[in-house]
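K.L.:
Sequence:
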Amino acid sequence: MKRSSRTVARGATPNSELTRLDGARLALEDSLGYQVRVTHRAVQRLLQAKIAPFGVKLGMWYFLRVLWDEDGLTQRELSLRTGTKEPTTLHAIATMERSGLVSRRRNRGDRRKINVFLTRKGKQLEAKLMPLAINVVDAALKGFSKKEVRRMIRFLKSIQTNLNASLDEISESDD
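Note that the numbering used here has the sequence shown beginning at 526, numbered continuously upward.
Among these hints, one or two may not hold up.
[What the hints assert, rightly or not] DEER-style ranges, computed between Cβ atoms: (1) Leu666 to Gly558: 16 to 26 Å; (2) Arg570 to Leu615: 21 to 31 Å; (3) Ala577 to Glu622: 17 to 27 Å; (4) Ala690 to Leu551: 14 to 24 Å; (5) Arg570 to Thr613: 31 to 41 Å; (6) Arg570 to Arg679: 42 to 52 Å; (7) Gln600 to Ser691: 24 to 34 Å; (8) Thr564 to Trp593: 17 to 27 Å; (9) Asp594 to Leu681: 16 to 26 Å.
[Claimed, not checked] With a Cα cut of at most 20 Å, we get these calculated EDC-like pairs of lysine to aspartate or glutamate: (10) Lys582 to Glu622; (11) Lys582 to Glu611; (12) Lys682 to Glu694; (13) Lys653 to Asp596; (14) Lys638 to Glu611; (15) Lys646 to Glu595; (16) Lys638 to Glu595; (17) Lys648 to Glu602; (18) Lys582 to Glu651; (19) Lys653 to Glu595; (20) Lys646 to Asp596; (21) Lys653 to Asp594; (22) Lys646 to Asp594; (23) Lys648 to Asp594; (24) Lys582 to Asp594; (25) Lys648 to Glu622; (26) Lys682 to Asp693; (27) Lys638 to Glu602; (28) Lys610 to Glu622.
By construction, these hints were calculated from the structure, which means they are not laboratory data. Beta carbons: idealized from backbone N, C-alpha and C, even for Gly.
Assemble the whole structure, with the sequences as input and the hints as a guide.
P.N.:
See the structure below:
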């Protein structure tokens, strides 16, 4: 019986296996990328469920989170901070502007740039939404010691460093 992608995404063990470059079989459930993605999606689903009653979509969350720390960034800076492409950022900003969470203002120093500022409503959401986000993290880390969490974060940062170095190597070879 074929399993739906939704079932697999919710953590079911899929029947298929992947082949590693050395020829060994790698079951999907043993794939780091797969496990990171499934975990990330579970965090996203829980966070979305918690913030939705406040009229905030997950796509807005990442930008709000950055603006709460650094209000008034340019659209390009927001793209860089959130790791999103500029068209995605522009769409999210427009949606947030229609929701009354942000306003855009032309940069006084460089008229070509647009800065994004939180409105009073956008600023007030921080006190309501951050505790919910912390609750999501607490749910995800239930049963882990502080030491285990620090190690996990360290491991993930090391993996990110390794992957970024590999991407840099590819970029350098393209030049």
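K.L.:
Going straight from one Cα to the other, do Lys648 and Asp594 come out at no more than 20 Å?
P.N.:
10 Å, holds
K.L.:
Taking 20 Å as the top limit, are the C-alpha atoms of Lys646 and Asp594 close enough?
P.N.:
With a Cα-Cα distance of about 16 Å, the restraint between Lys646 and Asp594 holds, given a limit of 20 Å.
K.L.:
Assess, step by step, whether the Cα of Lys582 is no farther than 20 Å from the Cα of Asp594, and give holds or violated.
P.N.:
Distance of about 19 Å is within 20 Å: holds.
K.L.:
Holds or violated: are the alpha carbons of Lys638 and Glu611 at most 20 Å from each other?
P.N.:
13 Å, holds
K.L.:
For the range 21 to 31 Å, tell me whether the beta carbons of Arg570 and Leu615 fit it or not.
P.N.:
26 Å, holds
K.L.:
Holds or violated: Lys646 and Glu595, Cα atoms, limit 20 Å.
P.N.:
Distance of about 16 Å is within 20 Å: holds.
K.L.:
Compare the distance between the alpha carbons of Lys646 and Asp596 with 20 Å, and conclude whether the hinted pair is satisfied.
P.N.:
Answer holds: Lys646 to Asp596 is near 13 Å, not above 20 Å.
K.L.:
Quick check on a hinted range of 42 to 52 Å for Arg570 and Arg679, using CB atoms only.
P.N.:
At roughly 26 Å between Cβ atoms, Arg679 and Arg570 fall outside 42 to 52 Å, so the hint is violated.
K.L.:
Using the Cβ atoms, figure out if Thr564 sits within 17 to 27 Å of Trp593.
P.N.:
24 Å, holds
K.L.:
Kindly confirm whether 16 to 26 Å is satisfied by the beta carbon distance between Leu666 and Gly558.
P.N.:
21 Å, holds
K.L.:
Going straight from one Cα to the other, do Lys682 and Asp693 come out at no more than 20 Å?
P.N.:
16 Å, holds
K.L.:
Does Asp594 lie within 20 Å of Lys653 when you go C-alpha to C-alpha?
P.N.:
15 Å, holds
Hints 5, 6 from the earlier list are contradicted by this structure; the remaining hints agree with it.
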